[in-house]
Amino acid sequence: MFKFFANVFGYALNFIYGIVNNYGVAIILFTILLKLIMLPISIKQQKTMKKSTKIQKQVKEIQNKYKNDPTRMNQEVMDLYKRENMSPFSGCLSSILQIILVISMFYLVSRPLTYMKHVEPELIEKYSQELRETEGNANYQEIGIIRTKSAEDEKVNINMNFLGLNLSSVPTQNYTDWKVFIIPVLYVITSFISTRVTANLNQTKKKSEEKVEANLDTKELAKKEEEIDMMEEMNKNMMIMMPLMTVSIALIAPLGLALYWLINNIFMLGERLIINKVCCEEEE
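Using our numbering, you'd call the opening residue of the sequence shown number 1 and step up by one each time.
Watch out, some of these pointers could steer you wrong.
[Said to hold, decoys possible] Derived EDC-like pairs: lysine to aspartate or glutamate, alpha-carbon spacing no greater than 16 Å straight-line: (1) 117 x 154; (2) 155 x 133; (3) 65 x 79; (4) 65 x 76; (5) 126 x 153; (6) 149 x 122; (7) 44 x 271; (8) 44 x 79; (9) 149 x 125; (10) 47 x 84; (11) 57 x 76; (12) 149 x 177.
Calculated directly from the structure, the hints in this document are not laboratory data. For clarity, every value in this text was computed on a predicted model and none was experimentally measured.
Can you build the whole structure from these sequences, using the hints too?
Here you go:
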């Protein structure tokens with residue numbers, strides 16, 4: 001499945017590259033295009049999350065009312081989601097899409113000749129064999145081919161130069177060159193900013209719910225606060241672990257992948273702020 005999406009993305013990336021003739025610029029434009037295509041899903045997802053937060057109070061009331069009758073409780077909860085035209089699993093969509101995008105882009109950027117240029121496997125294997133004989137077996141054979149054979153064969157020629165950075169470079173394989181860490185470091189910074197902004201938005205949302213919580217008795221309020229704290233801790237851990245995981249991958253992948261994540265982070269941050277503002281205005 002991931003290879004299928006990498007192949008589809010590769011056709012789009014190669015089309016853009018054919019226009020701009022620069023791998024870095026092509027990745028930036030491709031990222032913007034992908035964000036625009038995903039925008040309706042992002043808007044729906046954020047609205048769903050806000051709506052889900054609102055109906056949690058009703059879910060808790062149902063759970064308290066039918067705590068001794070699990071069958072009735074589950075039925076009432078399902079009926080509530082049905083009335084609100086929501087799915088209990090709607091929050092999973094964004095996570096699934098993110099996993100698909102992360103792994104598919106890893107395939108695409110790690111093997112641009114296969115998924116972007118669609119070079120014949122026989123030619124890739126021929127050049128790979130030559131590299132093994134002259135330089136040893138590399139972790140990213142196709143990147144090595146682009147570096148050593150692009151001047152000889154137009155089929156494997158990709159302009160990897162972007163603002164003085166070689167996007168075919170792998171940080172762990174070029175750690176003596178400090179420039180290979182510029183994009184990963186910028187990605188970490190934008191991830192930190194995104195995490196803080198998300199936390200602030202969640203804090204604002206929490207404060208807006210205090211009036212509703214004021215109607216609960218002390219026991220119910222304590223229980224609700226405990227559950228909220230647990231959810232916030234889980235979200236906090238996810239917001240920390242996700243950037244760490246992607247940075248770890250970025251360090252063993254060509255810089256093109258880190259560039260994609262950096263641009264995606266920047267646009268996702270702006271998208272989140274705009275959608276949140278629009279959703280709040282609609283509620284008012």
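Hints and how they fare:
Distance hint between residue 117 and residue 154 is fulfilled; the C-alpha atoms sit about 11 Å from each other, no more than 16 Å. Our distance criterion of 16 Å between C-alpha atoms is broken by residue 155 and residue 133, whose separation comes to about 21 Å. Note on residue 65 and residue 79: the hinted pairing holds, with a Cα-Cα distance of about 15 Å set against a maximum of 16 Å. For a cut-off of 16 Å, the pair hint linking residue 65 to residue 76 stands: about 10 Å separates their Cα positions.
Distance check on the hinted pair: residue 126 and residue 153 sit about 13 Å apart at the alpha-carbon level, within 16 Å; holds. Restraint check for residue 149 and residue 122: satisfied, since their Cα atoms lie roughly 15 Å apart, inside the 16 Å limit. Annotation: proposed proximity of residue 44 to residue 271 holds, straight-line Cα distance about 12 Å (limit 16 Å). For the suggested pair residue 44 and residue 79, the alpha carbons sit about 21 Å apart, so the restraint of at most 16 Å is broken.
Taking the CA atoms of residue 149 and residue 125, the gap is about 13 Å. The hint holds against a cut of 16 Å. For the hint pairing residue 47 with residue 84, the CA-to-CA distance comes to about 12 Å; that is within 16 Å, so the pair holds. Restraint check: the Cα-Cα separation between residue 57 and residue 76 comes to about 13 Å, which is no more than 16 Å; the hinted pair holds. Distance restraint check for residue 149 and residue 177: the Cα-Cα separation of roughly 22 Å exceeds the 16 Å cut-off, and the hinted pair is therefore not satisfied.
This entry does not satisfy hints 2, 8, 12, going by the numbered hints stated previously.
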